[in-house]
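Engineer: The primary structure of each chain is shown beneath.
There are 2 protein chains.
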Amino acid sequence: MDDQPIITKFTPKKPQGLIVVITGNGKGKTTSAMGMALRGCGHGLKTTIVQFMKGDLYSGEWDGVKMLEPLVKLYHTGKGFCGIEGNPYAHSEHRKNAQEAIQLITRILSADDCDTLILDEINNALQLKLVDLDQVKNIISSRPAHMHLVLTGRDAHPEIIELADTVSEVREIKHAYRKEIEPQPGIDF
Amino acid sequence: MDDQPIITKFTPKKPQGLIVVITGNGKGKTTSAMGMALRGCGHGLKTTIVQFMKGDLYSGEWDGVKMLEPLVKLYHTGKGFCGIEGNPYAHSEHRKNAQEAIQLITRILSADDCDTLILDEINNALQLKLVDLDQVKNIISSRPAHMHLVLTGRDAHPEIIELADTVSEVREIKHAYRKEIEPQPGIDF
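Keeping their order, the protein sequence lines are chains A and B. Per my numbering, numbering of the first sequence is gapless, rising by one per residue and ending at 737. Per my numbering, numbering of the second sequence is gapless, rising by one per residue and ending at 737.
Hints in this document: simulated from the structure, not taken from any laboratory. Keep in mind that a hint or two might mislead.
Identical copies go unnamed one by one, so any copy, or any two together, can satisfy a pair.
To be verified - Calculated pairs, BS3-like style, for lysine-lysine (alpha carbon to alpha carbon, straight line, at most 25 Å):
#1 Lys562 to Lys594
#2 Lys677 to Lys561
#3 Lys614 to Lys557
#4 Lys685 to Lys621
#5 Lys614 to Lys627
#6 Lys562 to Lys727
#7 Lys677 to Lys557
#8 Lys722 to Lys621
#9 Lys627 to Lys677
#10 Lys722 to Lys561
#11 Lys594 to Lys557
#12 Lys685 to Lys562
#13 Lys562 to Lys722
#14 Lys614 to Lys594
#15 Lys644 to Lys627
#16 Lys621 to Lys594
#17 Lys621 to Lys561
#18 Lys561 to Lys594
#19 Lys594 to Lys677
#20 Lys614 to Lys727
#21 Lys561 to Lys644
Note that the coordinates shown come from a computational prediction; the quantities given were computed from them, not determined experimentally.
Next comes chain A alone, as it looks inside the complex (with noise of 0.2 Å):
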């Protein structure tokens, strides 16, 4: 395009670790997640992303995020099936890698290593009782203030939202597979 604008790089004049929680029905809270780790290459950002109960089913984001590297890196925890019908895992077991990523999060805050940490499916994880509220809650509160907490699933926690400052409800208008359309690659995972 010819007669291009001025291109403006806004500078806050006081930078602060936000609380983003992404909750809702729809599809694009990982999504959206993922595109913040994106975003945040842009400017230099550090990112690390832990994802609760996934880990049976391949997602895109996985071998993605390894071309941001070494600015972005990702942990999958849990055996997926969590909440979801053809669970062959008890729920201890379940709670079991939930506290083992509880732990992961708890070094991570200790070696302030990173300037986004995205908490994927945290909310779900809380309200299916593999972790507690005060867990997260101490997450919120322990964190190094200029470190930016995204929060995604459904079902966000009142006392959470409270804690936030930014917060979006993904609702789902309709979805392809309501329609019987398979999950497609790229979309979907």
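Based on these hints, arrange chain B on the given structure of chain A.
Structural biologist: Quick look at chain B alone, frame taken from chain A:
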């Protein structure tokens, strides 16, 4: 984590291009589209992103997607400012830019050289009469059957929602800027 489950990679029996609309007034529409581009990379899929009405204010995804080259390409078109206070440009100038973007999209569709085509903020561009409903419907009907089309932006047109397979509405529950917190890089732009 020990005792990892076996990872399954789902392959649809019937691959098909989906029409996805991400609309609403909340944070996470463009971000979600960027996440789909990243996710596609994990499947080796090519994504082209055409951004409408952006161009004056730096956003992290511009450099972020360069790390995903050659799988992802991004074109930002427009002058920014459209529909917001302090807009120094005439409507005709914004429309000229948006019409150039439509020509670019037509060339991309003819060349059939991507798996996912993201039309970022095209819903707003339609609402602001920078593009016409027939033009957007024509893009949808003339795309190759395998190609996913993702249309983002507020105020998605009811006819476009009708044509879509998957539609999410991102609703603002709260936003940091209402507490007079400045936009933060990596999260807000």
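Engineer: It remains to establish, for every hint, whether it holds in the given structure.
Structural biologist: Okay, the hints, checked on the actual structure:
Only within a single protomer do Lys562 and Lys594 lie at most 25 Å apart by alpha-carbon distance; the minimum there is 19 Å, versus 38 Å between protomers. In this assembly of identical chains, the alpha carbons of Lys677 and Lys561 never lie at most 25 Å apart, being 40 Å within a copy and 36 Å across copies at closest. Proximity of Lys614 to Lys557 under the C-alpha cut-off of 25 Å is restricted to the inter-copy arrangement: shortest distance 18 Å between copies versus 27 Å within a copy. For the identical chains of this complex, Lys685 and Lys621 are intra-copy neighbours only, at 23 Å inside a copy versus 39 Å across copies, given an alpha-carbon limit of 25 Å.
Within a single copy, Lys614 and Lys627 get their C-alpha atoms as close as 21 Å, which meets the 25 Å cut-off; across copies the closest is 33 Å, which misses it. Taking the shortest Cα distances, Lys562 and Lys727 sit within 25 Å of each other only across copies (13 Å), while inside one copy they are farther apart (47 Å). In the homo-oligomer, the alpha carbons of Lys677 and Lys557 never lie at most 25 Å apart, since the shortest distance is 43 Å inside one protomer and 28 Å across protomers. In this assembly of identical chains, Lys722 and Lys621 lie within 25 Å of each other by CA distance neither inside one copy nor across copies; the values are 32 Å within and 28 Å between.
Only within a single protomer do Lys627 and Lys677 lie at most 25 Å apart by alpha-carbon distance; the minimum there is 15 Å, versus 48 Å between protomers. Proximity of Lys722 and Lys561 under a CA criterion of 25 Å is satisfied inter-copy only: 22 Å between copies versus 41 Å inside one chain copy. When the C-alpha separation of Lys594 and Lys557 is checked against a cutoff of 25 Å, the pair qualifies only within one copy, where the shortest distance is 19 Å, while the shortest distance between copies is 28 Å. In this assembly of identical chains, the alpha carbons of Lys685 and Lys562 lie at most 25 Å apart only when taken from the same copy (24 Å versus 44 Å across copies).
Taking the shortest alpha-carbon separations for Lys562 and Lys722, only the inter-copy value of 20 Å comes in at or below 25 Å, while the best intra-copy value is 40 Å. For the identical chains of this complex, Lys614 and Lys594 are neighbours both inside a copy (13 Å) and across copies (16 Å), given an alpha-carbon limit of 25 Å. When the C-alpha separation of Lys644 and Lys627 is checked against a cutoff of 25 Å, the pair qualifies only within one copy, where the shortest distance is 10 Å, while the shortest distance between copies is 52 Å. When the C-alpha separation of Lys621 and Lys594 is checked against a cutoff of 25 Å, the pair qualifies both within a copy, at 8 Å, and between copies, at 22 Å.
In the homo-oligomer, the alpha carbons of Lys621 and Lys561 never lie at most 25 Å apart, since the shortest distance is 28 Å inside one protomer and 32 Å across protomers. In this assembly of identical chains, Lys561 and Lys594 lie within 25 Å of each other by CA distance solely inside one copy; the values are 20 Å within and 38 Å between copies. Taking the shortest Cα distances, Lys594 and Lys677 never come within 25 Å of each other, neither inside one copy (30 Å) nor across copies (39 Å). For the identical chains of this complex, Lys614 and Lys727 are neighbours neither inside a copy (33 Å) nor across copies (36 Å), given an alpha-carbon limit of 25 Å.
For the identical chains of this complex, Lys561 and Lys644 are neighbours neither inside a copy (42 Å) nor across copies (35 Å), given an alpha-carbon limit of 25 Å.
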